[in-house]
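Enquirer: Below, each chain spelled out in residue letters.
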Amino acid sequence: MKFLRDQVDKLKPTFSEGGKLSFLHSTFDALETFLFVPNHTTHSGGHIRDGIDLKRTMFIVVIALLPALMFGMWNLGYQFHRATGMEVSLFENFWYGMLQTLPIIIVSYGVGLGIEMAFAQFKGHPVNEGFLVTGLLIPMVMPADVPLWMVGLATAFAVVIGKEVFGGTGMNLLNPALTARMFLYIGYTPEMSGDKCWVPIADGVATVDGYSGATTLGNVGVASSNGTPWSDSLLSWGTSISDSIMGTIPGSIAETSVIAILLGAVILIVTGVGSWKIMLSTVIGALFMGGILNLAGGNAWYDMPAWYHLVIGGFMFGTVFMTTDPVSAAQTERGKWIYGFFIGLLTVLIRVYNPGYPEGIMMAILLMNVFAPLIDYRVIQSNIKTRLNRVKA
Amino acid sequence: MGQNIKIKRGLDINLEGSPSNDIYSVNSPATFAIKPTDIKGLVPKMNVKQGDEVKAGDCLFTDKKNERICFTAPVSGEIAEVVRGDRRAILEVKILADSKVSFKSFDTSGYETKSADEVKELLLTSGLWPFIVQRPFGVLADPSVTPKAIHVSGFDSAPLAADVSITLKGEEANIKAGFEVLKKLTSGKVHLNLHSAKDSSVYAAVEGVERNDFSGPHPSGLVGVQINKIDPINKGEVVWTLKPQHVAFIGKFFETGNLNLEQTIAVAGSEVSKPGYYTTIVGADVSGLLANNLLSDNVRVISGNVLTGTKILKNGYLGIHDTQISVIPEGDHYELLGWLFPSYPRPTISSTFPIFKFLKKTFKANTNPHGEHRAYVVTGQYEKVMPMDIMPQQLIKSIIAKDLEQMENLGIYEVIEEDMALCEFVCTSKIDVQRVLSEGLELMAEES
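Protein chains in written order, with the numbering used here: chain A, 50 to 442; chain B, 3 to 450.
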């Protein structure tokens, strides 16, 4: 440790004010504080502080994301080899998926951290740890076939327009990772939805009989408009409900496995880093809306049991990792219940009633991000009212 | 009858070096200092100069805004120095103490029948008045107002705090007399707030006050929390608070006619070799208490507790209001990947440190903040340690935004810095909550 510290101390003047590389000061500072917790001390007021900091908090989220990411990499290989009719080992599946995914992750981190560090240097702020999570979330919600330049463009959009224009991490209105995805969805719809984008199969490569690449959400949507029962759509190629829970279905890179995502949820809830209130209320909201539609009945979407909504599409991923972003979510404790409930409710509504876009969770979260300050405002007003009523009494 | 109140949200931080029940005696300190900086917003007007001889109870300086409020010498002796800082602000008025204290005598006979104004006059001239803290804002009490209530927290729940059943043992009669005086000062009730699990026999003789029973962890002992639960402060209302030690000072003064500020305080913390109780006087030089009593050299000496106290030097002076000295290690060292693999235990409410949170019982906490300042990201953590009906994060944000109306709406009149010290402790973004709140209080006080 002493040796490492000495090396850092030797380099420090070069990057400090007046040094040759002072324009990289923020970057150096970020790396230094990553390596060493600084030797600062408190001055007044609270002389002792809790051990927790933002680095550790964000790191826990990254850990929680890993099961879903690992599974997603394997699943990518599995989907590809299954579609092309090849029998390969578990490791080969994973290796294939990793090679597909790593470039996307590298582009996302590279572009995002580059912009973050440039902004930090320009504004004289330290680099915030928030992007460690965002930079991983962006690849995880991308279709595997997405061109890398799109990832870079979307990341830049999310960081600059989604975050920095509001004042950086902590000030943003929208979830940055979803902003990136939304940007691509609106701007490059064909590459981001449909049947072809989820498994990267080059043109001309033969696929096995029955392969379509469609997602469960897509299938139920088709069944709805064709007037066929919902159960038929689930039985088509590789989209049974148990496959959905396991995650061996086509979809965005890491969104498919309910089990792997729930593992992440357990990590977030046990460590207290993610809000269980938001997760639970989102699930309740979806079940509530799904239940009402079940009672109404009509087409495939109406008839599909409400709880299926929880395991198909990106619902679980969004619920566990996206709704719980503390900055863009409601910040009051009561507000969190309302916020989550409406995300769940809107997700089901969008899925069922929007013919153009099968998945609803992304839209629902972004919409509720916008409404979160309003929810908080109402909660705060009720606290103020209690105080004012006290004076009257 | 008083109320029974259970405090659920809060946190007891258990630190190493809690005071043993022994009372140690040390040599009487040679120098004393009264620090105007201990009182928020005080601008002193000097009454003495270097070289003057004073008796215990002689006025050293008054408050420029209200010259009736005297700050008096805690002991007799010679004014050794008036220490000034930036822009000649007075930091300390130092007294070289006589070997035997001689007291200025005040006529307090028959105080039981004296009027509120006569009692006030005596408190003002004797220098006991500054022990009364006025809310909102936690400032010097204004002698021209009559508070709606007076609250005394009969126990201290802060880390390493002194136990009143030891520090006030033998002061029972003085406490009783002190409360008799306090009752004259308010048109409302005098509240004595006790903890159901703590020994409060020293208050057994006190009559005519409202006794409220609290239970639960820190900050149950903070008078601000107690007021919020019993009878919250609304806009335009004024409440006074005192510590029990200071009630005993008042009682002793009216019983004897002399200003005797001798008190028993706790000296505690992981770096103290004999943590326990020590008898000393308000404003005393602490070097006598710490001589041959420190386990290491690189330490933080705090007048007060680790959450709200003032950093002082090893030969600094005990703060006017403080009843404990805490000594903890400084944290001025780098820690390799400390945020990921902590190299030593640290107190926390975060379940990301399961061993520290659930298994470790006491901590040797140091002054490293364990992270750098960031914008607010995490929500819901302040609420876990804030038992008052106040939205802490929203209040702090309204102060950062300098939104006076919102500060008022969110209850800034009900809190002072110490009430939000635990929020500062748990803050993931390492926001200086007490400093921010202090700025907000100052801004509000100026505007109102």
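Just so you know, the hints here were simulated from the structure itself, not pulled from any lab data.
Watch out, some of these pointers could steer you wrong.
[Claimed, not checked] Once the Cα atoms are required to be at most 25 Å apart in a straight line, the calculated BS3-like pairs of lysine-lysine come out as: (1) A/Lys326 x B/Lys386; (2) B/Lys178 x B/Lys237; (3) A/Lys51 x B/Lys366; (4) A/Lys172 x B/Lys399; (5) B/Lys47 x B/Lys66; (6) B/Lys386 x A/Lys441; (7) B/Lys171 x B/Lys150; (8) A/Lys434 x B/Lys231; (9) B/Lys185 x B/Lys116; (10) A/Lys172 x B/Lys404; (11) B/Lys191 x A/Lys441; (12) B/Lys116 x A/Lys441; (13) B/Lys399 x A/Lys434; (14) B/Lys237 x A/Lys441; (15) B/Lys10 x A/Lys434; (16) B/Lys10 x A/Lys326; (17) B/Lys237 x A/Lys434; (18) B/Lys191 x B/Lys8; (19) B/Lys185 x B/Lys237; (20) A/Lys434 x B/Lys386; (21) A/Lys326 x B/Lys399; (22) A/Lys434 x B/Lys66; (23) B/Lys404 x A/Lys434; (24) B/Lys237 x B/Lys276; (25) B/Lys42 x B/Lys122; (26) A/Lys326 x B/Lys359; (27) B/Lys313 x B/Lys366.
[Claimed, not checked] Pair ranges (Cβ atoms, derived): (28) A/Tyr351 x B/Ile357: 29 to 37 Å; (29) B/Ser167 x A/Pro62: 50 to 58 Å; (30) A/Lys61 x B/Gly172: 52 to 60 Å.
All C-beta atoms, glycine included, are put in the ideal place defined by N, C-alpha and C.
Enquirer: The structure should be examined with respect to each hint, and the outcome stated for every one.
Expert: Here is how each hint holds up against the structure:
Proposed proximity of A/Lys326 and B/Lys386 is supported: the alpha carbons are some 14 Å apart, at most 25 Å. With a C-alpha separation of about 32 Å, the suggested pair B/Lys178 and B/Lys237 falls outside the 25 Å cut-off, and the hint is violated. Using a Cα cut-off of 25 Å, the hinted pair A/Lys51 and B/Lys366 holds, with the two alpha carbons roughly 23 Å apart. For the given pair, A/Lys172 sits about 21 Å from B/Lys399 by alpha-carbon distance, which is consistent with the 25 Å threshold.
Restraint check: the Cα-Cα separation between B/Lys47 and B/Lys66 comes to about 5 Å, which is no more than 25 Å; the hinted pair holds. Using a Cα cut-off of 25 Å, the hinted pair B/Lys386 and A/Lys441 is violated, with the two alpha carbons roughly 29 Å apart. For the proposed pair B/Lys171 and B/Lys150, the alpha carbon gap of about 30 Å is over 25 Å, so the pair is violated. Proximity of A/Lys434 to B/Lys231 is assessed by CA-CA distance (about 17 Å); at most 25 Å being required, the pair is judged to hold.
As the CA atoms of B/Lys185 and B/Lys116 are separated by approximately 12 Å, the hinted pair is consistent with the 25 Å bound. About 22 Å separates the Cα atoms of A/Lys172 and B/Lys404, which keeps this hinted pair within 25 Å; it holds. The hinted pair formed by B/Lys191 and A/Lys441 meets the criterion: a straight-line CA distance of about 20 Å does not exceed 25 Å. Between B/Lys116 and A/Lys441 the CA atoms are separated by roughly 36 Å; this puts the pair beyond 25 Å, and the hint is violated.
A distance of roughly 19 Å separates the Cα atoms of B/Lys399 and A/Lys434; the hinted pair therefore holds under the 25 Å criterion. For the given pair, B/Lys237 sits about 11 Å from A/Lys441 by alpha-carbon distance, which is consistent with the 25 Å threshold. Taking the CA atoms of B/Lys10 and A/Lys434, the gap is near 23 Å; set against the 25 Å cutoff, the hint holds. Distance hint between B/Lys10 and A/Lys326 is fulfilled; the C-alpha atoms sit about 19 Å from each other, no more than 25 Å.
Distance hint between B/Lys237 and A/Lys434 is fulfilled; the C-alpha atoms sit about 13 Å from each other, no more than 25 Å. As the CA atoms of B/Lys191 and B/Lys8 are separated by approximately 21 Å, the hinted pair is consistent with the 25 Å bound. For the proposed pair B/Lys185 and B/Lys237, the alpha carbon gap of about 23 Å is at most 25 Å, so the pair holds. Under the criterion of a C-alpha separation no larger than 25 Å, the hint pairing A/Lys434 with B/Lys386 is consistent with the structure, at around 22 Å.
Annotation: proposed proximity of A/Lys326 to B/Lys399 holds, straight-line Cα distance about 23 Å (limit 25 Å). Among the hinted pairs, A/Lys434 with B/Lys66 is inconsistent with the structure: their alpha-carbon atoms are about 39 Å apart, more than 25 Å. As the CA atoms of B/Lys404 and A/Lys434 are separated by approximately 21 Å, the hinted pair is consistent with the 25 Å bound. Between B/Lys237 and B/Lys276 the CA atoms are separated by roughly 46 Å; this puts the pair beyond 25 Å, and the hint is violated.
Distance restraint check for B/Lys42 and B/Lys122: the Cα-Cα separation of roughly 21 Å lies within the 25 Å cut-off, and the hinted pair is therefore satisfied. Between A/Lys326 and B/Lys359 the CA atoms are separated by roughly 22 Å; this keeps the pair inside 25 Å, and the hint holds. Distance check on the hinted pair: B/Lys313 and B/Lys366 sit about 18 Å apart at the alpha-carbon level, within 25 Å; holds. Against the hinted window of 29 to 37 Å, the Cβ-Cβ separation of A/Tyr351 and B/Ile357 comes to about 50 Å, which falls outside the hint.
The hinted window of 50 to 58 Å between B/Ser167 and A/Pro62 holds, with their beta carbons roughly 56 Å apart. The beta-carbon spacing between A/Lys61 and B/Gly172, approximately 58 Å, falls within the hinted interval of 52 to 60 Å.
Comparing the model with each numbered hint stated earlier shows that hints 2, 6, 7, 12, 22, 24 and 28 do not hold.
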